[in-house]
Each structure stands twice: as structure tokens, then as C-alpha cells.
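Top to bottom, those sequences are chains P and Z.
If you're matching positions, the first sequence starts at 1 in full-length UniProt numbering and goes up one per residue.
If you're matching positions, the second sequence starts at 1 in full-length UniProt numbering and goes up one per residue.
Keep in mind that the hints were calculated from the coordinates and are not lab data.
Built from N, CA and C at the ideal position, the CB exists for glycine as well.
Errors might be hidden in some of the hints.
Keeping only pairs whose Cα atoms sit at most 35 Å apart, straight-line, the calculated DSBU-like set for lysine-lysine is [as the list claims (entries may be wrong)]:
(1) Lys159/Z to Lys1033/P
(2) Lys351/P to Lys159/Z
(3) Lys321/P to Lys42/Z
(4) Lys26/Z to Lys189/P
(5) Lys147/Z to Lys351/P
(6) Lys147/Z to Lys123/P
(7) Lys76/P to Lys314/P
(8) Lys26/Z to Lys123/P
The following label-pair restraints were derived from C-beta to C-beta distances [as the list claims (entries may be wrong)]:
(9) Trp980/P to Lys288/Z: 19 to 27 Å
(10) Trp980/P to Ile70/Z: 24 to 32 Å
(11) Phe330/P to Ser234/Z: 53 to 61 Å
(12) Thr230/Z to Asp358/P: 15 to 23 Å
(13) Met277/Z to Trp980/P: 48 to 56 Å
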Amino acid sequence: MSGGWERLRGSRSRTTHDSSFHTPAPSRTVTLGRVQPQAPGHRTIYCNDREANLPVRFKGNSISTTKYNFLTFLPKGLFEQFRRVANCYFLLISILSMTPISPVNPVTNVVPLSLVLLVSLIKEAFEDWVSVIHGCIGLQALPFDSSFAIKRFQNDMVINNTLIDVLQNEKWVALPWKKLQVGDIIRVKQDAFFPADLLFLASTNADGVCYIETANLDGETNLKIRKALERTWDYLTPDKATEFKGEIQCEQPNNSLYTFTGNLIFQKQTLPLSPNQILLRGCSLRNTEYIVGAVIFTGHETKVMMNSMNVPSKRSTLERKLDKLILALFATLFIMCLIGAIGSGIFINRKYYYLSLDKAVATEFNPSNRFAVAALTLFTLITLYSTIIPISLYVSIEMIKFIQSTQFINKDLHMYHAETNTPALARTSNLNEELGQVEYIFSDKTGTLTRNLMEFFKCSIGGEVYGSGVTEIELGGAQRNGIKVQEVRKSSTAIHEKGFNFDDHRLMRGAWRNEPNFDTCKDRAFVLSIFIRNYLLKTVLLVLVAGTLIIMEFFRCLAICHTVLPEGDESPEKITYQAASPDEAALVTAAKNFGFFFYRRTPTMIHVRESHVEKMGKIQDVAYEILNVLEFNSTRKRQSVVCRYPNGRLVLYCKGADTVIYERLAGGNDDLKKVTRAHLEQFGSAGLRTLCLAYRDLSPDTYESWNEKFIQAKSSLRDREKKLDEVAELVERDLILIGSTAIEDKLQEGVPACIETLFRAGIKVWVLTGDKMETAINIAYACNLINNDMKQFIISSETDAIREVENRGDQVEIARFIKEEVKKELKKCLEEAQHYLRTVSGPKLALVIDGKCLMYALDPTLRVMLLNLSLNCHSVVCCRVSPLQKAQVTSLVKKGARKITLSIGDGANDVSMIQAAHIGVGISGLEGMQAVMASDFAIAQFRFLTDLLLVHGRWSYLRICKVITYFFYKNLTFTLTQFWFTFQTGFSGQRFYDDWFQSLYNVIFTALPVIIVGLFDKDVSASLSKKYPELYKEGIRNVFFKWRVVITWAWSSVYQSLVFYHFVTTSSASGKNSSGKIFGLWDVSTMAFTCVVITVNLRLLMMCNSITRWHYISVGGSILAWFLFIFVYSVLRENVFFVIFVLMSTIYFYLSVLLVPIVALLGDFIYQGIQRCFFPYDYQIIQEIHRHEPDDNTRAGLLDVGSQLTPQEERSYAISQLPRELSKHTGFAFDSPGYESFFAAQLGVYAPQKAWDVARRASMKSKPKTPKRN
Amino acid sequence: MSSHTASSSNGGNGSGDSGVPKRNSKRPKYSKFTQQELPACKPILTPRWVVSAFLLVAIVFIPIGIACLIGSRDVVEVVERYETKCIPVLNRTDKVQFIQSAADKTCRISMTIPKRMKQPIYVYYQLDNFYQNHRRYVKSRSDEQLKSASKENDTSACKPEDIANGRGAIVPCGLIAWSLFNDTYSFSRQNQSLTVNKMGIAWKSDKQKRFGKNVFPKNFQGGGLVGGATLNESIPLSEQEDLMVWMRTAALPTFRKLYGKIEVDLEEKEVINVTLMNYYNTYSFNGKKKLVLSTTSWIGGRNDFLGIAYLTVGMICFALSMGFTIVYFVKPRLAFYGDLATLPSYHGTEVLDRTKNVHGILLMFKAHPSLPIGTEALHHFGTSLLIVTLMSMECLKHDIDSGRILMV
């Protein structure tokens, strides 16, 4: 079986399949997380009938993920190359140099161009054929993926030729995947991959279910249930399946993994299809002998292939500046050529009879048409001076960056997270140096700053708080206030397992049965409570019962109202829960620990092992029938389950955000509501994540009438989700509040220290979170983002004035009012901020703004004010923001302030922000793939940002700056010597250097050392980079690639070229050896070229901060290469015949080789000396402070981290050893409006979705179907 | 060190793997390359280094410069400009007409030897404003043709001097050969003629490799216009050293070419009479013509440039080293002095941000009132700081009032 799987394609912009992809879908440039607009129309598929499907011409099932194939490689690759302006320019120059007006042999321009193209093409081929997987998708499913490299092409071949059983002539025939067609009926065996998107028809399992693993799609390794339509369960054997003649009407191919709308028209009935019946390519079958399915989408039309990412490739700011530099060079070139051209027009004269200009002479030298002479000379000179544009610059930079990202960033042990076994991953090599210039970091909170490790920490039941733990945030807050908090010793009852960190003797070990909970009783929390209120003092027993009953409702709600899948042994110790969000797992785990052990889920039932109070502690297994699941999504912010007790009681359990639950509570009970709200706020300020629990008893009549509407909504083809929401609204009302849960969201390791370091580096960290303001502020405190010394500006929509207007309900009025309020606030804050800024030692400023206000603040009229205010703030916290707003804030700073931004996040809700920023960083490891797939860099921990930015980013920036400026310098110097010579040749455009010298100058004699510098140059060690984060500011200010720097280099070039030209020519004027012989042109120019090569290479050494032996080898090698070349060449070529021997026979040669480079470098040396002495860069000061220290201390630090685990690390390490079960959905924070309902549809799949499932149940209760074997 | 790190990093790896025996660890392998810890020397351009480097250059260059100058001064050189002199006074209004006419162009000039010249004495002619490096000129030759007789017709580059009308290819073809210099000089002292040895004036490589032994001049100067000298058609090109010298085109429009050697010593104050045939037309383009007699030394001909350059650079470097030394002592930079990082409450920020000078340090004190400003700090910063600090006090009155840097 082919282990290799189609990978979702990498980040680089690829136009790969566009040509071969003719679906009505607008474009293949699709980004995960953004659902493509659906193409209009349906697709009608006739199952099991190839002829009927023929007219539609569905795509075949073969795939190709390579960018090129044998035939297209050369044309396509060359086309890609010539999309670069520089290459085009050189092509033009090469063509020009073939014409007679060229002073140079075509070789001058053709050789470097072809070498550059060759290198680029080899690199392309390398990337395409043996590619680093840019995405993580598919990593888990690549058994032969021992290294990161796979051969794409080979892999495609293997996949396309994998065999699959297809139904033909009432038999299963093994065909290769690529032969598969839409409408085919196929059989997939256990552990096999689905070859295409299938409609699930039948399975060997009872109840027509099968289990699939979706690791390839979303990285989740937990099993998911798919369930076939009941009507198709029988078509399992070949003879039966042959009879299956269904017609599938479904949506056009699209990239939304979790939605599907379609109908199966079968035996004259229309059956609605849902994602529950769809088996996607990329998934594999588990725990099921085999399944039978009909092919719906094939090949590149499958959902997984349509999710191939074409992230628009980002270009770094530095590169855009480089473009400007290149433009400046073009301008210089033009000016130089113009000067030369004018000169030639003036110079040309018949008086130079030895030029024989009076005969029929070519236009380019014809003195009678001076204008034509000038014009043609212009072209001549362009070809002559073409070396001013560094042709190998782009390819060199690309190679440098490629190695930087694949070898340095990806393999940095400092950024390897042992607990999750995740190294850092640079998904693009375009942005390495951008990392060194980041000024603003936008961070998600959950899963990024915090661990997305949810632990049930506290709860409030019926107005009573349980749970004795103290959160780190509370500890921190207390410490800030000077209160010493003793760490509470864990009592013996404390149970700490994954997801559960709770201790309260009143509840643990069944103690809740004795919990009187009087507070609860005074609230009418239960049906009995009315009675209780009246007879409160009379019947203590009833009170007791009532109190416990509400606790029981609480636990039952936890145990029933969820979408968690149990896995493993059905014992409390061994069971593991597969949950879509860690919150849910934590809640179910909590229920387990309280004695409501949820241990089994069937499609219709939830089995709970309860310790009932009535039975006096005896254990009883209770099966609750799940009738409906009303799923969670970000608009609903709640989740409900309708269940039927064994005794027939119908209850709706609901959990969700406090705001939405409170809106739907039954009247009365104000005390409980108030108390619980207070508790919610208390939990929130302790940094806990809260959920409200509520329930409602339903009468059978109410339920039936509602269920009918629900069924209707469920089977509607259009706007299904919207209708479902509306129907849900009908039943989710008159709820009775039970209480609330509080889950601790643990801070990630090293986050506060990292943020502190980033602050010192001059980077401003903004937190953009969907959480509540209190939670956000508290996390900000805990992370050192805000402290009490700061002046906080809080712009919140939760003011009385706004609430009042909101209560009036007029939307227009609300909008107008809030906008006014926000404007007022902004103005006030801005004035205040400016006041503080004017004072010398004013406090640092912090801004907290919530999503609603932000919406108005982002209005074009207020945007400038917001920007001004926020840029003056030390830190900014935006809470309750939606993914879109995250992106808006990011681009506000990116575009408005023109600062370099970095977004970091881990969840689907961060995708837009990650894509909006200059640099997107995804948190990989425990979490899902969405953010990583959209990101440019993936790291396992927030704290690795320190390494990524301060070490890799800074170095990359420094190196790339050096490489660019050096390229600029060396080419300018070289070309200028040529330019000076032009003046003394009558502006004829005579070349100073031999053709081959000129053509190899860029690609051989000066090519390698600069790459070595681009790879190895290091101003201060990694540990010093982190010890002195202030060094990073040089990158933010772009100190090393300003115009001033460029001009300095340009002066140096002018100086050096003058030295080369004049020293060499002047000193060569008289007899040059003791036998009085005189040098010719080529002797002089070879002399000059030798000096240039030596100087330019030595100049490189002068700009190095660290010199490894590779520097010596490459610099020495380049100079040596020149001499070797000239020795060989001067034997072979007539122009420079024996020039080097002539030269080396004179003492003059040696004197000049000593003198000229030193004089040329003297200027730079003086400049460097003065600069270093009087205007040192920051890094130079640090270098000097630490100049006597060895560089090796970095390793020691690394080993400490690696070998000594703190208890906490050990714990999380142990957790990481557990089977991976955390889902991709970051902190599926129920209380946050920020999360997209990206996976919402998926969450429903565990429970029967179809209403008719419920209806069926009466007749078909657990009648196991014995699968027929063929 | 390396073996230690390798083993311990393996250990770390092992512990990572032990818990997950089956799982493929993605822990990157340690290598000095990927961890960017290649051993490197870190040159820091401290003032000490700057001064040493300058001194070194000075020490090396000044002697070389002196040696070069001495070598160059040993050379005796006599230059005689003759392009105007050798035109009869009457013809000086239209020199071009004169030079193109068939008139007798014999011209006699005399040169006085300023200093004893030891043989061999090299005779050069020097032309001015002659663009031997013009693009049209440089490429107007056929190296193939010069090398071998079989490539005689390889004259495509030589236009317009490629083919003589109806007589086949010109050998040697092209403008360079066509414009071969044709003034001749004969020398005499006290009516006793001095032989000019015209052998061995071309580079050996030219003679042996570039100009063929079996290539004979053909149709040379046979066209309508005669550009310069004619060649003896019976002598192969490999013997035509004048041509070789001429065809090694000069780099600059002012150039010297070797004419021949006089192989006797010339005494001081001796007057040399030169009879020259002033054939070559430099008058069209106002070019100067000079006759040069020169001896050589180990360095070659007279050229002070190298010597002066070496000497100047050496002197400059010496001056710079002095300058840097003085600056180094008078106004040292802080970082060279004390280890700021060891100061108790040093945070780096202020120093790096603003204090590249002494005033900056004061800012640092402002920002960190807790800095121990006492003898310790002064010890760190050196006494010069104290002076500057006191001078800067005026502008920091506010701080002094607040007592922050009162101790200073």
C-alpha cells in the first residue's frame, strides 16, 4: 500500500495545475480556512453507470503534485526564470551583444546568464522533485517519510498506481487509482486510504458505520464515525452492489472539508446527504473490515486536493528595497551610458585618420552623423556596463535564504520542542531577513501565549463555588499586591489528571452526596424547588435532595452534553476522551471524577456509569438516548443536547457563553443569576474560562412538534445551517441555570520572559484575543504585557451608557451612539497619551479595547486616531475580536504605520491574521494545522520567537544586508573601472577587460565568498543576541540597509575604482622591466583585473564579523581560481596571449599587487576604524565587551534545557506521550465569539444527525445487522 | 569540547526517545554547521588593531617607496619633443599638408645627456592623443592571420584594411598594422654614429607564439592610402619586431613604444645628434611626438609613481596611526574602557540606545538612579569621564537638584 499521500502543497506560489483544471470553480488559489465561494449548479452522478456519466466528462483520478514534468520542465522553468526583471534584462543584453555594435563578445553576457539560469533551474528541480514538505499535512501519514524529503514525482506515480477494488461485471476488479471514474462503486478495505471522495454506502460494521482517521486532512489522529444512509446498508456484496443505481445530486467540487450538501435519488426517493456520508480522499479506514462507496469527486477535484494551498508568496520588505536599489543602478547605468554616448558623438572625427573613418564607415562610427553615433554608442555602452546589475544577486540570495531556512532554522536545536517532538519549520525562505526587522507582534492568546491545556479548575453550582485551587494569575496578582500566598498543599483527595486539576473535599470522592447546598435551595433550581422554597425550614431532607439534585444535574450536563468520543478500555483509569476541544474533554473528565463516568457512545446513546445518591453510592450504568444535538458554532456560542432518560424524561442540556445562556433563561431566579454572574466574573478575572450550564425539561408534545421542524431544517438543501440555528432557537429558551464551570488555561512555558525580552528588543506585542476583557487583561498581566506602573486606556463597549442604548434596540441608533462614544474615548486617550509622551519620565501606556469598539474604531474616520494612539502605547490588548478584526488590526499597523508586523497564532481563527501580517507564525506541535498551513514559519512554542527573531532573524537580516551591499559594491567597482577607461578611449566603448574576465567575474571569481558570508557571518553569538535584545533595534531601524549605507558603499566603489584605474594605468606608462619593454592594453587590464579580484575578495573579509575556515577557503579559492584561470587562459587566447607571464616577469607586477589593493582598502579601513571608534553600532559595543569570551556557552545552555526537566515539564512531557488527542481547534473556547465554526459541522457527526434516525429508532432499536460477505 | 557536546546532545536525544521508542524523533541532529557554531575567529577592529595595522603598512611601505624612488631615480631619461621642431618653419602653418607631401622630411635634432647613461640605452618614441585603444582600432586585426600562413584570408575583423583591391588579403591586415609608426631615428655623437639595435624589443611571447615564422607581409600598404611604415616582404612577421611592438596596442592615448637599444654608454653632457625621418602623421589630430632615451633599473624605466605612491601611503598610514593613538588616549570610547555589563544595574538599553559618548552615560545615570556613582563607577569609566561629566553638569542642573548625580 502506498504510504505516501498527496500532500497539501507548499506555500510557494504555484500556478501548477491551473491549466489542467477546468472546474467552474473560480481559481485554485485557495487558502485553507477560507471557504471558496461555491460554484453554482449541481453535479449529477449516476452511480454504477459509466456510460451515463460519460457526457459530463468528469476529471480522472490521477493527480500530479509536481510543478513540472519531463516535458514542461524546461519551458515552464525558463518562463518562471524570465519573469524576473533582472534575467530579462540580461537576456536583452545578451541579444544586444550578438549584434556588431557590441564591444564585447556575446560570451560576456551569455555565460553568466546561462550559469545563473542553470543554478536556478537545478534549484527548482531539486525543490520540486526532492522537496521539503512545506506543510505538515500528511506528515503523519507518510510511513516512508523517514526524512523530510520525499520524491514528489515518484510519490505521485506510486499513488496513481495503487490498486483499488472497483465493481465491474458483478466482481471486484483491482484497478489502479488513476483509472477510477466518477460514479464507480468501489470497495475500500481496512487501513486503506480512500482513493477519491466517496459516498459511503455500506459497511461491514453494524449500523452502517465506519471509522475513519483524518490525520491527512487536519492532523487529528482521533477516529471519527461516518454513517451510511440506512437505505443503502445492504449494498455490500458485489451482486447486490451491482443493482445499486442511484443518482447523486450534489454540490460542485469545493474545498470546504466539513460541509457537503447533496441528495441521493434512489428508488424514487430523495434522501438528503450530509458530510456524515462522505468519505474524503486522504482519510483512511479504521476498525472496519471494508466499506463500499460510490465515487463523487476524483483527482484534483477532491476536497483534499482542492485544499492545496497557494499562499500568495510574500516578499520581504528588504527585497522590495532591493528593487529600488536595482532601479537606482539602472538609473546610474543610464547616466553613465548617456555620458559616454554624448562623449562619443563629440569625439568622433575624421582627423583620426588611423581609424579610417572617411571610407564607407559603419553608422556607429560615422562622423557625419554624430547623433546616430551617440545613439548606437548608448547601446554599446549598455552592453559594456551591464555588469553594474548584479546578475547573480537574486540567485545567490535565494540560495542563501534556502540554506538559512532549511539548515539553520529548521534544524535549530534551540527551537526544537522535545515534548511535542516538533522542530521549527520555515515554510518559506522568502522572509528570513524580515524576521530581523519585526516591530509589532500580534499574538493570539489561547494556545499561543497559553498552553491550550485545559484543566477543570473550579465550578459554581447553584450559587456555590467549589474548587480550592489558586490560579497562577491570582498568585501573580497577589504577589504584585504584596500578599504572600502559601502554596496550598494538595489534600489527599486531590486528583490531578489531564484536564482535571480540581480539589474540593465537598465534591470529591462522592462527597457531593452529603453536600447540603443550602444556598442552592433558596433558588428555585429544580421542579421541586418551588415546593422547597415554601417549606424550606420544614423538610430538611427535601432540601438535601434538592441540593444534591442540582449538583446531579450539573454533573449529568457535563456527562451528556458534549460531543466527546471515548476511546480505549471502558474503565475510568484507562479511558481516553477524544474531544474536539480540550475544554470538552476537561469537562467530561471532571464528570468522570465526580462519579458520572461517561464510558460509551453509540450513535444514539450515551452510557454513563453513575453513582446515584438514591442507591446510596452504588454504581449504576445508565443509558441516555441522545435525540438531537444542537451544535456549537461561533454565532450560537452554545451547545445543546436533547436526551431521553431511561425513565422517559426528556431534557435539553445546554452549555455555552454566559451572555447567550443568560438571554435564554426562564424568568425569576434572580438571586442565583446574580450570584452566578458574580462567580463568573470572579473566575474570569482569575484567568479562567467559563461556561454556563443550564437545562430545560421538555414535554413529549413540545418536543415532537419541535422535532418536526428540526427534521425539516435538517433535510433542507439550502441554508441548512441557518435554518438549523433558527430551529434551535425555538427550543433553547426558558432554560434553568445550573451553574458554571471554570477551566484553567495554562500559560505556556517561558512566555513572560519571552515577552520581556521582546520588549527590550523594541518589539511591541499586541494581544488579539476572542476572550473576555477580564481574561485578556489578566493574561496580559501574567505575561508582563501590562503592569501596574502602566497607564491603561480601556475602551470598552460594556459601559452603562452603551448598554442602555443597546437595550432600546434600535440598530442604527446603537451604531451611531457607540461610534460617538468610541470617538470620544479615542480623542480623550490620545490627548492624554500625548501629554504623557511630552513629559520625560511618563508612565508607559497600554491600551485595551474590545471587539465591538474596535469595529467602530477601525472605521476610516477614526482609524488614524486609533493608529496614533496605539502606536504610542507600549502594549495593546484587543479582546473579543473576530478573526476578521484580527486581520484588520494587523493590516492597520502594516499599511497605516508601515511597520513590519508578525502575527502568531495557532488556530483556524488566526489564519486571516497570519496571512495579513508581513510574517505569519504558526504554533505547531500539539495543535492543529490550520495556522501552520497558512503561516510562513511554524514553531512549537511562543518562547521560540526569541530565537526565531533575535537570533535567526537578526542574523539573516545582517547577512542579507551584507550580501546585497557587497554585491552592489563589487559590481559597481568593477563597472566603474570600465567607465573610467571609456574616457580615454575616445568614448568608443572599447572594453577594458577581456570578455571572459568580465563574464566570470560575477559567477566565479567573486561568487562564493559572498554566499559564505550570507551563511556564516555572525556579529555576536546566539546567546549574546538573546542576552542583549536591544541589538535587535538595529534591524527595526533598518540601520544596515539605508540609503546612507548604500551611498557609503557607492563612495567606496568610486574611490576604489579610481585607485584601480589610475594607479594601474599611470604606473604602467614607462618601460616595465629592465629590458625596457612596454605593456600593452591587455597587460594593463589584466593587472587591473587582478587587483580588482584581490581587493574585492579582501574587502569581503574586512566586512566579516566572524571568519571561519570556509571564509578563508572561499576567498583564497576565488583569488586562486583567478590565477589558475588566467594561467590556463593566457595560453589559450590570443588577446591576452601570455599576458600573465609577461606581467609576472616584471617586478612592477608584484609591487602593484601589493600597493593597489592596500590603497584601495585603505579608505574603507579608515572609514571602518573611525566608525567603530566614534560611531559604533550597538553590536560592536557588545562584541567588544565580550571579546574575550569563548563563543561556546550556547551549547551548555541548550543542554540544560534538554536534560533537566522541571516537574512541570515532566508532567507535560508525560502528557505528550499520551496518544495525541488534542484537536486542532484551539481552545475551542465556548465563551469566545472569536472562533470560527470551522469544524462545527464536524462536531455533530458523532450523534445521529438525521431526524429520521430518531424516528427509526422505535422500530429498529439495536438490531445488529449481520454483514453479508461476498 | 566538541566531543563533549556531541555526547551530551546524544544523551538529550536519548532521553527524548526513551519515552517514545517507536516514534520517529524529529529532533534535528546536532552539527556545528546547522547550529551555526562553526569555529571562527572574530576580528574586532579595536583602536589598537587600527593603529597596529596602520603602523605595519607604514613600516612596510615607506622602505619600499624609498627603494622604488631610488630605483626610479637611477634611471636617466632624456625626452625630446620634435613634432613641431621637425617641420620647416615655413610649413608650420599647414603641418598636415607638409607631412602628406613628398617633401624631404629629414630632421636633425640634438639631445644633451644630463647624466652618464649606462648601456643598454633604450630608445622610445612617445605618441600623444593617439587612440590605439579605440574600439574600432583595437579590433581591427586578425590574430589568426598573424600566427599562421594558412589563415591568411581570415581578415573579417580587419575592415576596411582587409583586402587589397584584386590582390587578395593584406598581411598583416587591419588598421593597427596599417598605421604602423614609420619615423626612423639614427644617432651619432661627435659625428660617430651609434648603432641602434632593433632586435629584442618585442616581448618574447609575441615573437614566439603570436607572430608566425612563415607568415610574410603581403599586399601591405598596397591600397590607396598609406597609413604608415611598409614592411619588408621577405622577412617573416616573427622577425618584424617593430610591428610586434606597435601591435601590442597601448592602453592609453599617450604611450611609449620601444624603438631600439643603443648598446654603448653615454657620458654626461655629451650631445647626441639625431637624424630622424619625420614621416608619421600625428599632425592631423594634433598629436605630440617625442623621442625618449632612457636607461632602466631593476624597477624598469623612469616612473616615480610607484615610489611616490608607496611613500605617500606609508606616510599617511603613519600619520593615521599617530592620529588614532592620540585620539585613543585623549578621547577613548567607553566600551573599550570598562566592562559596562558588569555594573550592577546595567540594562544595556540606555547605553546601546543613546550613549555612544560620555553624555550618554549621564543619560544612563538619569535612567538608573540606583547606579553606584562613586569610586567604583569612576574606576570603570576612567577619569576622563569625570572631567567631561563635570563639564556637562550645567545642562543637567535639574538632575543635580534632584540629587541623582550629586555625588559626581
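A quick look at each hint next to the structure:
1. Proximity of Lys159/Z to Lys1033/P is assessed by CA-CA distance (about 63 Å); at most 35 Å being required, the pair is judged violated.
2. The hinted pair formed by Lys351/P and Lys159/Z meets the criterion: a straight-line CA distance of about 18 Å does not exceed 35 Å.
3. Taken as a hint, the Lys321/P and Lys42/Z pair is honoured in the structure, with Cα atoms around 30 Å apart against an allowance of 35 Å.
4. Taking the CA atoms of Lys26/Z and Lys189/P, the gap is about 31 Å. The hint holds against a cut of 35 Å.
5. Of the pairs offered as hints, the one joining Lys147/Z and Lys351/P holds, with about 32 Å between alpha carbons and a cut-off of 35 Å not exceeded.
6. For the given pair, Lys147/Z sits about 45 Å from Lys123/P by alpha-carbon distance, which is inconsistent with the 35 Å threshold.
7. With a C-alpha separation of about 21 Å, the suggested pair Lys76/P and Lys314/P falls inside the 35 Å cut-off, and the hint holds.
8. Note on Lys26/Z and Lys123/P: the hinted pairing holds, with a Cα-Cα distance of about 25 Å set against a maximum of 35 Å.
9. At roughly 23 Å, the beta carbons of Trp980/P and Lys288/Z sit within the given window of 19 to 27 Å.
10. About 31 Å separates the C-beta atoms of Trp980/P and Ile70/Z, a value consistent with the hinted range of 24 to 32 Å.
11. Between Phe330/P and Ser234/Z the C-beta distance comes to about 57 Å, which sits within the given range of 53 to 61 Å.
12. As the Cβ distance of Thr230/Z to Asp358/P is approximately 21 Å, the hint placing it in 15 to 23 Å holds.
13. Between Met277/Z and Trp980/P the CB atoms are about 37 Å apart, so this pair departs from the stated range of 48 to 56 Å.
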